[in-house]
Amino acid sequence: MGKTSKDKRDIYYRKAKEQGWRARSAFKLLQIDEKFDIFKGVTKAVDLCAAPGSWSQVLSRKLYLGETINITEKCTLFHTDDIAEKNNVGESQVDSKKLKNENVKIVAVDLQPMSPLPGVIQLQGDITKYSTAQEIIGHFEGTKADLVVCDGAPDVTGLHCMDIYIQAQLLLGALHITCHVLKVGGTFVAKIFRGKDNDLLTNQLLTLFTEVFVVKPSSSRNSSIEAFVVCQKYNPPQGFEPKLMTPYLNISNKDFSSLEGVNRVIIPFVVCGDVSAYDSDTTYPLQLEGEAPYKYRPPVQPPISPPYYSSKKEDTPPSTLSLKKSKDQLKNIVESFESGSYKLKSLNNTLDKLNNIRKNSEKDSVIQEYIERLGKAVNKITENKNDTLEEIIENLKALDLSKKEDIFVSNPMEDLLQASEELRSSKVEKRMQELKNSNDLTNLEELYNEVNIVADEKTFQEFLAHIELLDTCTC
Amino acid sequence: MSVFKNKLIRTDVTYLKIVNDYILTGIGGDLQIFSLSNEMFITKVKIFSGQKIYGVETNKSKNKLLVYGGMYIKVIDFPNVNNSKEHLMSSVKEWILDAKLLDNKLCLATMNNKLLILSSNLDVEKEVLCEERCILYSAFISINKNEIVVMSGTVFSEVLIWWPTKYDNNGISPVLKKLTGHKGVIFSIDYHAETGVICSCSDDRSAILWKLKSDITQELKKSNIDISILTQVHGHSSRIFRCKVFHDFFITGGEDSLVFIWSHSGDLIRKIEAHQGSSIWAIDVDEGTKQIVIGGSNSGLSLFPINSDIENLKLSLPKLEPPNSICFMSNNNIASITENGNLYYYLDKSKSWFLVEKHEELKYYCLMQSSKCKKLFALAGYKGQIFLYKEDSNNLKLICKYITLRESRIYSFHWLTCNTFLICQDNGILLLLFLHKNNINLISTYNLPQSKERWTTSATFFNKELFIVGDRKGHLYVYSISNKEPIQIIKRVHNHLGVTHLSLDKNQLNSLGRNGILRTFNIQNNVVKVAASNKLPFLWLAKILNNLIIGFSGNNFVIWDYKLRSILFEKECGGGHRSWDFIKTSNNCNVAYVKDKIIHCVKIDWNSVCPKELIEGLHVNQINSLVAFNYMNKKYLVSGGEDTTIQINELNNNCTLIKKLHNLKSHLSNVRTIKHVLWKNQKLIFSAGGRAQIILWAIKNENNDCISCNEFCSYYESMNTDDAEMRIMDLYLHIHNEKLYIFAACSNGFIKIFYLDDSNKIILKENVFYKLKCITKIIGFNFDKHSILVTLATDGFLIFWDIKKLLEENVQEKYPVQSIKCHQSGINSVDHKIYKSNNESYVIFLTGGDDNLIALNKLKITNINGLKIDVLCNYTNSGVHCSQITGTKILDNYFFTVSIDQRLCVFEWTSKKLECNFCTLYKTAISDVQGFDFIDNKIVIFGNGVDVIKCMFKSYMCLFKNPNYL
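Here the protein sequences line up with chains A and B, keeping their order. Each residue of the first sequence is one higher than the one before, counting from 1 in our numbering. Each residue of the second sequence is one higher than the one before, counting from 1001 in our numbering.
Calculated directly from the structure, the hints in this document are not laboratory data. Being a predicted model, the structure only gives us computed values, none of them experimental. In this text, a Cβ means the ideal position worked out from N, Cα and C, and glycines have one as well. Be aware that a few hints might be false.
For the chain A half of the interface with chain B, some residues (derived, Cβ under 7 Å), not all of them [to be verified]: (1) Val104; (2) Asp199; (3) Phe463.
Please work from the sequences and hints to get the whole structure.
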């Protein structure tokens, strides 16, 4: 797997990096906007479960920086380098007063910390927790938000029904906050998992919003169970108390038997993304027509601190230990070279060790001493006069008689083999002659030539009788 | 009475519990019960439909079971689980994480950090909410003398301890203690009251053991609650999903399919690689018999001893002489030749070495090889010397001496049988020698073809006419006894590091290499053909012995089970470049190797490392494609999935059991589609998927009890680095003019057209471009002398092509005949039906899409000045499924659909105006449903596992006409 393999697999992954989005999911929100125009007239927005921040980035760029990101025209969405640069310029020039839209307020919340974005107020917290909800509501004291978005998903465990349930809980958590901060007539967009019994949940949303759609942007994979609910025109029932939200909306709180089969209310399912837009299932060539030459780009925003961080660290031993080990290893190598008892057979191994030592050896006096001694020992063999570790390694490489690991190559009597070659061939002839004379084997001449059966008939028959048995032990 | 009857389910094992001699396990909605002592299946009972079981608890007297899963609970009798006809069942509206069954009540801890107390009639009597309102991933209820303490594991890496029965103000209970130390979601919590230890495991790949100063209720009463970290263990390479703590040890099981057994002080007791890389959700231990039972998400269930009985010995030779080579003899005795040419013999009984002989002539160079029966071994020297020794009642005797005519170095020595062997000398000369009446006779000589490193590395007889050798360059040569030159050469069977081992298994030849590949060959009419290749998770494969493959993974010696596809034993030995030997009897297994000039010997009690399989595992990940068919009076399931394997399973006549016949790992990437066809009296299977690879397999019934599956051809275009990675999404097989064509739907918008040549090779004929959309499905049909191909893509269109025109030569641009839009986005499933009425033929197309929509189109095909396709009428439904539809099948009068939402829906349809009525639905416990297939009157639903159900079809009509039924 090369570093470009993800680029090859998913066009939106590549495009996101090209356009400077923190994650490919930015396109999902842009495509939803394209269809439902959710940003129209929005000045106050909340992004729940924001990290790594691609949706906040869309909010920041569209609302705060006032950029127009036109995705209906393919050539601007899937564009060339200069547009990316222009966009990057836009992001870096946040100080330019022209671009800023100061009455825009964007609040982003997540469990994980994320790097800052222009015009976005960050909160760190769990949106399923009541206290977090209170904190967000605090930020909107007196005013209400026009738009609440939530692209949050749990770390999927692989047990789908549990994942779907937790996703539904996240949605309820998001909805709980939404009910406190969203103005009447506002819009709510959230990720859902389309799976077992999910229709019951989406049906519930109709009690709070006038219009509800289940939406699948073309940038979301066909095979993925992910989809989005776009809820428009917030219209809570008379006397609705958001505090009672959770029990009110609990999935199984109502009798939904009427929702089975064909009789229930069907939420319209809408696919969005221009027909001509890319979809994330198709394999596109890395080089698309009308585009600047493809080049690999690193991810915009790698994860800040994964939970297994400390576990990973444990894998590599602390550096003091490896330094001590290096010294021991080096000592062994030096001594074996000095005593002349080194084995070329393990030369590759030695080179590896030396390379390791080189990495750890910065200015350690003991190691320097060993290196000098090793240099002298190696120079003795190679009759060269070098003394840095690099040169020692080079010399050792030059010495490499054991390119192959096989015992055959590193045979101590290799040269003897050469010397005895001629002698042997004449000897064999002589032996053959002798045997021929004594009539030991009749077809001796053909022993190493054409006809192949050399055993006498009786032995051969016995041999055949034996191998008839093949695997059975006859001992 | 449902119209569907469950026959068999294989999916994630989500719960395990040992009660007395019973192993209780939750697989899907079924509770299956096994006997621990007999390791046998006892019975199963269906608890939930479409809901997996996540837990089982017993009461104190162990005559009742509380089974829970998701939001549902059920109480049944035990051990006669099928006894009580009326079970108590209820739903509590919230996801249950833990439960306890008391004599007159039940306690449930839910995901919303709540404790519910239910009466014995399953009515909620009391609800207590923890003050910390958040989502939990795990909870544990501790009950001691009617005092209930809850430990809950949050997303925010904390374990919260609260006491709902004591501190409960207005239904809200405060958190008395927070255990902090983890850095991720807490997936599992367990508490062992006797030792006062809490165990928790997490996303951060660690598990923590927490020590309480006193009993939990005592401790919580204190003002300064003292719970401290006893130990924290790291070792898993992925998330840890389950942990359990026992008197002397605790266990962890994770996403990496590993189970670790740790002592309370954090020392590793045993590491088990359990289920081929699939996540572990279910583990339990029987402390009495010291066994651990592990369930995988591949549906596998196996039993291991807690302690593996392994003895490590160091056997130094007298005067610390450095050994050159070693080999095992019978009774665990060892023979060793030293670097000085001294032959020593180690008697296991007396644990001592004896000097047998001094071989001056073998001082610098000596090969040592023991025969398969371990009664004989040979020493071979630099000048063509061979010495044969035989072990006879704990004595070593030189039985024979021999010097080859050439008196040249013996490069390699291979025992073929107990009395025949092959040696390789310089210039690639091979001698076949026969030991007869303690005399060595030369049978014949052979030539090994020229190569840079011209010597053999392995050899075996195939039959009395043929023997096969592998060489240092990775080629195979087949020799007939009577021919000097090889009669067949198979180049590059393994990489440049050579063929390490050849062995015969029934009629098949296996070869191993240092490239991690096991190749299997078939030999027919003395011609050797590749049957399959299997990629193993480590590179240096050295030996194959029944189901075991012995090799080296880095510096480790590895014993790997071929059937289980997992490592049974692993030990650091320094790598493969050393003299080593391996011997196995039914109960024991010994390994010896030379390291640092010392002989190391490892004695393994085989039963203590080898698992007992109660249920064979299926695919590790999701199954993407599955076909079910009858062949030679037996039922087979052939499936392929994300784990890149193709599995062939036999289904018994009742469809209640499956038996794995083949697990073929040959695909480079995932398998997306499987198609089968009977072609020239052969059953052919085509599988295709990622990396644009297609593999052709042939199934044969060799001897009546087992079918073989041979790899005929693998088509794969090697890419240059700039190419995007194209996947083959689907295949359609078309027979035209006695030729088999293969149409492949590609993710880059191409249709690739192949044909099969006479030697069963897949040959690319042409690429036809549709548009830059991923083609998801491809099917074809014959209609009025026309052959029509239909492709479906992520743009929601049905595209019709004239196959005749597609196959025409010398046409530059090829265009579809017609397109019909029927979905908003990707189409995932399709089926069609041709029917006649009033002498006119129609085609009905049934499609299911990503947009939750089922579409039925009635088409008329005419041919006046070219093909024309008209939609006469259609029917759509987007209400019955709430997720993408992944499988559709249409039969006379009925059609069936399945979706990711785990529902199978049945509709009735009439042909005239396409009037359709929803009939019924079945909820499966299989998640990620990818489709289904019919076999007789059974339906096989597949996805994350398989669910085989029987439909009572005869009684269908009357059942569904009655609206009250629904």
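Outcome of the hint check:
1. Val104: It is violated, given that the least Cβ distance between A:Val104 and chain B is near 30 Å, above 7 Å.
2. Asp199: 4 Å, holds
3. Phe463: 5 Å, holds
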